[in-house]
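Please construct the entire structure, taking both the sequences and the accompanying hints into account.
Protein chains: 4
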Amino acid sequence: MDGLRERLKRFGADRDWGKFHKPKDLAVSVSIEAAELLELFQWLPDDGPIDEDLKANIANEAADVLMYLVLLCDKSGIDLIAAANAKIDRNEERFPIETSRGVAKPRKGI
Amino acid sequence: MDGLRERLKRFGADRDWGKFHKPKDLAVSVSIEAAELLELFQWLPDDGPIDEDLKANIANEAADVLMYLVLLCDKSGIDLIAAANAKIDRNEERFPIETSRGVAKPRKGI
Amino acid sequence: MDGLRERLKRFGADRDWGKFHKPKDLAVSVSIEAAELLELFQWLPDDGPIDEDLKANIANEAADVLMYLVLLCDKSGIDLIAAANAKIDRNEERFPIETSRGVAKPRKGI
Amino acid sequence: MDGLRERLKRFGADRDWGKFHKPKDLAVSVSIEAAELLELFQWLPDDGPIDEDLKANIANEAADVLMYLVLLCDKSGIDLIAAANAKIDRNEERFPIETSRGVAKPRKGI
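Chains as they are written, first to last, in this note's numbering: chain S, 160 to 269; chain X, 160 to 269; chain L, 160 to 269; chain R, 160 to 269.
Please keep in mind that the hints were generated in silico from the structure rather than gathered at the bench. Please note that the accuracy of each hint is not assured.
For chains that are exact copies, the list does not tell them apart, and a pair is met inside one copy or across any two.
The calculated DSSO-like cross-link candidates involving lysine-lysine, where the alpha carbons are at most 27 Å apart (straight line), are [unchecked claim]: (1) K246 with K168; (2) K246 with K178; (3) K246 with K181; (4) K264 with K234; (5) K181 with K214; (6) K246 with K234; (7) K181 with K264.
Remember, predicted model here, so these are calculated numbers, not experimental data.
What follows is the structure in structure tokens.
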């Protein structure tokens, strides 16, 4: 992840595009790319197979979401992996195994 | 990233929630969380500061986006970091430094 | 629709909130509200029933999407209903009944 | 709006595409089209002008959002215009003019 972040920053710096990367615009871009990822599943059944074409497209769009997310976190001084681990820590407290298992997944439980 | 993925899978397995994690629903969830991230910037100016409160909220929502993205890639047999590196490889070819530098950022250039 | 638009404009003007309604921020708001609408279906099966609670929630979130859409179109000098009719005109040309019927729905066909 | 809804239903029925229009997939489609609308503003400044090209593109994408929204409401037994008016009724109560005017727009105030 550290290597990816440094590579992305150098990519933008080399092209003088870093100036476009304001946090709000990066958040806009995460949403746009997330919708392109979702579009791959538009009209498909819930439980359809992931064939090689779909897999390649998911990889491509998921990469775009991740890249903007990494740039946004970098601009905001956030360690993304640490943030995710901290969120799982909180979720482990909010949803103890004993009372969560076998219960319908709550809307907000990862 | 590997550690995060394994932790997320164990979290779901422990609560028997993995059965909810169909690829389409995970893609839906990435979009929903991306919008919650974007909501943090709603009505804010383009170039506003990131104070400590906003930073904590960004970390929290960016974590949610990442977690669903990791689960989707895991379900789809995709190595997310490798996919992002492959995308940067392609972008380096599409947008050579010599012809891209100092030029307006294209819509599709990360 | 005309009555709705005028009511929305007056609502904003009465509270001096119209100044927040820049086109880009209204487009951001349409996306955020669309995701709240989508969230109502998160983890639900494709073909689940619409009970009274879900129906009330859909009405509530669909209203938010429409309101920002109407404000965005008003700011941009667009007649939303006319735009939708013009789009159907184009779709009728792109997807003639004779060649479209009984064929898998194309990704881009409404 | 009634004419638009009937035209959309006939368009789908003529092509036998109505069977694709499950509520969840229509909500997914509203989100996807909302992101395409947002993409028109990606990297643009907050307060940029709406030129004729941008206006035509906004009209086109706003039409897509509206069309899926109308179909979703139709499938769910919801009168979209009435839902929006009911929402404004509630917002008028939540945000009285006297206490709202001149105050920063709240996140959730249309």
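For each hint, the structure was consulted:
1. Proximity of K246 and K168 under a CA criterion of 27 Å is satisfied in both settings, with 25 Å inside one chain copy and 14 Å between copies.
2. Proximity of K246 to K178 under the C-alpha cut-off of 27 Å is restricted to the inter-copy arrangement: shortest distance 21 Å between copies versus 30 Å within a copy.
3. Taking identical chains as interchangeable, the C-alpha atoms of K246 and K181 lie at most 27 Å apart whether they share a chain (25 Å) or sit on different chains (21 Å).
4. Taking the closest pair of Cα atoms, K264 and K234 come within 27 Å of each other only across two copies (18 Å); inside a single copy the shortest separation is 34 Å, beyond that limit.
5. In this assembly of identical chains, the alpha carbons of K181 and K214 lie at most 27 Å apart only when taken from different copies (14 Å versus 31 Å within one copy).
6. Proximity of K246 and K234 under a CA criterion of 27 Å is satisfied in both settings, with 20 Å inside one chain copy and 21 Å between copies.
7. Taking CA atoms no more than 27 Å apart as the test, K181 paired with K264 passes between copies only; the shortest distance there is 13 Å, against 36 Å inside one copy.
Hint compliance for this structure: no hint is broken.
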